[in-house]
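**Q** Hey, can you work out the whole structure from these sequences and the hints?
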Amino acid sequence: MAAEMDKREFIARRVAQEMRDGYYVNLGIGIPTMVPNYLPTGMDVIMQSENGMLGIGPYPYEGEEEPDLINAGKEPVTEIPGCSYFSSADSFAMIRGGHIDVCVLGALQVDEKGNLANWAVPGKMLRGMGGAMDLVAGTRRVIIAMEHATKDGGPKIMKTCTLPLTGVEVVDLIVTELAVIEVTPKGLLLREVAPGVTPEQVQKVTEPTLLHAPDWKTISA
Amino acid sequence: MDKRVANAEAVIGRVQEGATILMGAFGTCGVPENLINALIRQGTKNLTVASNNPGIDGYGIGALLENRQVKKLIASYVGSNKFFEKLALNDEIEMELNPQGTLAERMRAAGAGIPAFFTPTGYGTMVAEGCEVREFNGRPHILVPALRGDFAFVKAWKGDRWGNLVYRKTARNFNPVVATAADYVMAEVEELVELGQLDPDGVHTPGIFVDAIFQGTNYRKPMEPGPKRKRGA
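In order, the protein sequences belong to chains A and B. Heads up, the first sequence is in numbering that gives the first Met the number 0, so the first residue is 0 and it goes up one at a time. Heads up, the second sequence is in numbering that gives the first Met the number 0, so the first residue is 0 and it goes up one at a time.
No false leads were mixed into what you were given.
27 Å max Cα-Cα, derived DSS-like pairs, lysine-lysine: (1) A:K123 / A:K6; (2) A:K112 / A:K123; (3) A:K123 / B:K70; (4) A:K216 / A:K185; (5) B:K227 / B:K81; (6) A:K123 / B:K71; (7) B:K81 / B:K220; (8) A:K158 / A:K185; (9) B:K168 / B:K2; (10) B:K220 / B:K44; (11) B:K71 / B:K81; (12) B:K81 / A:K123; (13) B:K70 / B:K81; (14) A:K112 / A:K203; (15) B:K85 / B:K70; (16) A:K112 / A:K185; (17) A:K6 / B:K229; (18) B:K85 / A:K123; (19) A:K150 / B:K81; (20) A:K6 / A:K158; (21) A:K6 / B:K227.
Just so you know, these hints were derived from the structure itself, not from any lab.
**A** Next comes the structure, spelled out in structure tokens:
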């Protein structure tokens, strides 16, 4: 990973490469919200917000925020031409009915089977899962964008998640500042490694044994 | 037919102790402020409230919580409300967390005469505890019951005396869903218009779902913080 580049930016840039023209995408809070900043110009990727909006624009200018127009993180946003609004029931028909191409979410833990834990923070009162359980159950492809290890260096990619689950066997791809890892029926497949990082270094901060893709590459973000 | 009432006070007396109320809103957006404020003034207690999230302290459902009128809250997210956290930690309120889409679908199902439905959402998680599991297309699903209210509180942008409603932008959220799923549906609008003034093709909630409608006053519509763009940037 380029030293001068912020870890979170690096992850967001790599996730942006997973997007394709015409995708409908739902982004979770945190690193995922940074992804649109790194999409190639001219690529139409439509952002869905589960509170009932397709076609989210940039944040408003100071003083131009509208109380009737917010994203799922409750932040004031703007609309882009072609935007549409709908009810929460229609919004989750999109999500649960498999109409969203990709969702990008943060995680507390992901395990070998693609199980995800991202809603119940240890030692804190349960705050609720919001739309996360629906998103991971219904979206065609689930990408996790997160820092590879916990703040004190412990693994977040586990043999088995120990925190309360958000979904069972739902994750497709994990993107961190160290690696790009695909969840496969045989286990976690190391596809890409950050510049200057070795597969051994990635393994050190990953609990389950990683399979190495024969053609593994260096991340270019 | 005329479903207009003078204001929230004119209908709020129907809400009795122990009632279940479905409320539209997402955070501080699309909140039935007048109805909630009237309910606070009335002081009815032991309520079960189902709404996506209780929003911020001191406003909307947050204010109802502070007045200790809610026995149980059904929601998908309770973060950003400190008072709720205090009540929950002291076991002074019951909380039922539903995945947001499951919450919406439970209300949609109730409104459409569907008593329960199977969904893969939440399978294998805490919310599946005690649920019947059945496999469809090789995938496990859990059985979830519909959620109906005695009352629904709806906030819309415009409406007419037949109860036809139009919402504005993301203030729509759960409002049209709760409007279908309660025995008695109260709608407050920012502007009450003459019959025929709403474009029939643009009506979001047809009046059949609404029992009482009035024009609300003094909307506060607070906004939660978020990043802003700078001019010239």
